[in-house]
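Protein chains in written order, with this note's numbering: chain V, 17 to 258; chain R, 1169 to 1301.
If you're looking for bench data, these hints aren't it; they were derived computationally from the structure. Fair warning: there could be bad hints in the mix.
[As the list claims (entries may be wrong)] Below, in silico cross-link-like pairs of lysine to any residue (SDA-like), each with a Cα-Cα straight-line distance of 25 Å or less:
hint : chain 1 : residue 1 : chain 2 : residue 2
1    : V       : 68        : V       : 81
2    : V       : 181       : R       : 1198
3    : R       : 1199      : R       : 1227
4    : V       : 181       : R       : 1183
5    : V       : 181       : R       : 1186
6    : R       : 1199      : V       : 185
Now for the letters of each chain:
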Amino acid sequence: MPGPFQYLVWFLCTLLEVSVVVCSAARGSFRRYLSLNVYMFAACFVNLARFKILFTYGYLSPEYGYFYYYSDLLLTIGLYCALMGLYSRVFEEMGAGKYVRLGAVLLLLGTAAFSFAIVQQSSSRLAGHFVVDSRVMGHLVLEASQNLYFVGLVLTYVLWGAMLKLRETRTRLIQLVLALGLYFSVFAASYALRNLYTSLDGVWPYLIPISGCLLPLAWTYAFWRIPEDARITPSRLAVAPR
Amino acid sequence: MMAAFILVCSVVTLLQFFVWYCRSLIAASAKEALSPEVRDVTGIARAASGEDFTRVMQLLQLCPERPEDRGSIQAVGTYFGLLNFMRATLARMIPSMRAWTESERGSCAYFAAIALERRIAFSRGMLAQQMES
């Protein structure tokens, strides 16, 4: 059962997700960044639904477990859609948005197929057993999440590389993409670490929810503080001194 | 094997994204000018230096917090710590890195001074509202 700290972070995260949508709408950017806002709205809805299921069925119930992992998977796919929205914002002037989106969808399907293959291979190994160990199932879920977050990270890295190459100057767009890159990196690293060191079970109930607050916090800041017409020189962001 | 590969790549990109994100925060505030009043208070006469950062952060803590800039100030504070670490280790071996870390630390101090300017304006606004009501 989650403790007071987890409930507090959970509540804070939901509040921050709402604040992204509110700030974006208040600054007149709701439709411009529609995919990001829809994702944040969905994340907020999922948080509330998880809370309801937790209180109705309990933390250790299969209902909560299934809802948690399936909604997590759907949210990750939603985040891919948000990323594709950012791709189309970056490439809108080149008219290459639809090709990039097609590539991203193919990559997503490829990752899903790869993860499914891993799950099926492990299931066939388990076929001889009458009872599937819940720890093995948990491991499979972790592996699939780790792969999905890593592909998200690679896609964000490619997008950032393209933005530097195209000398993208829109400050808000830059901050939205960099925050997404940070989020994917933290989650991919967390899931990989969790896969490697299963003994560190006590750390994850704290690390994962806190990391989940990063993205809505950074996006709220970007929508609230950075005006849409703000510009920066991309060379300022290059690490090497010029 | 796959998990280890993903872990290493993710940690490397995490560091890169963190540095780029902090630089984008700093670059966004670099265009704003400091008022003579804040220059007086912080002691930043012309260009800010890394040595000013701690003093400006102490002044920042004296002002009422603005919730929307708390995260960015913490991020830049962590970036400043990372720069200090690089200055104490890598920059001793690579002279060009020393100049770069110094300039970055100065940018962090300027970012903090701009945040101080905003907090002072925010506090004045709140005080004015209280006086009116």
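Verification of the hints:
1. Proposed proximity of residue 68 of chain V and residue 81 of chain V is supported: the alpha carbons are some 13 Å apart, at most 25 Å.
2. Of the supplied pair hints, the one linking residue 181 of chain V and residue 1198 of chain R holds, its CA atoms being roughly 23 Å apart against a limit of 25 Å.
3. Under the criterion of a C-alpha separation no larger than 25 Å, the hint pairing residue 1199 of chain R with residue 1227 of chain R is consistent with the structure, at around 22 Å.
4. Restraint check for residue 181 of chain V and residue 1183 of chain R: the C-alpha separation of about 20 Å stays at or below 25 Å, so the hint holds.
5. This hinted pair checks out: residue 181 of chain V and residue 1186 of chain R have alpha carbons roughly 19 Å apart, not beyond 25 Å.
6. Simply put, residue 1199 of chain R and residue 185 of chain V have alpha-carbon atoms about 14 Å apart, close enough for the 25 Å limit, and the pair holds.
Consistency with the previously given hints is maintained throughout, with no hint failing.
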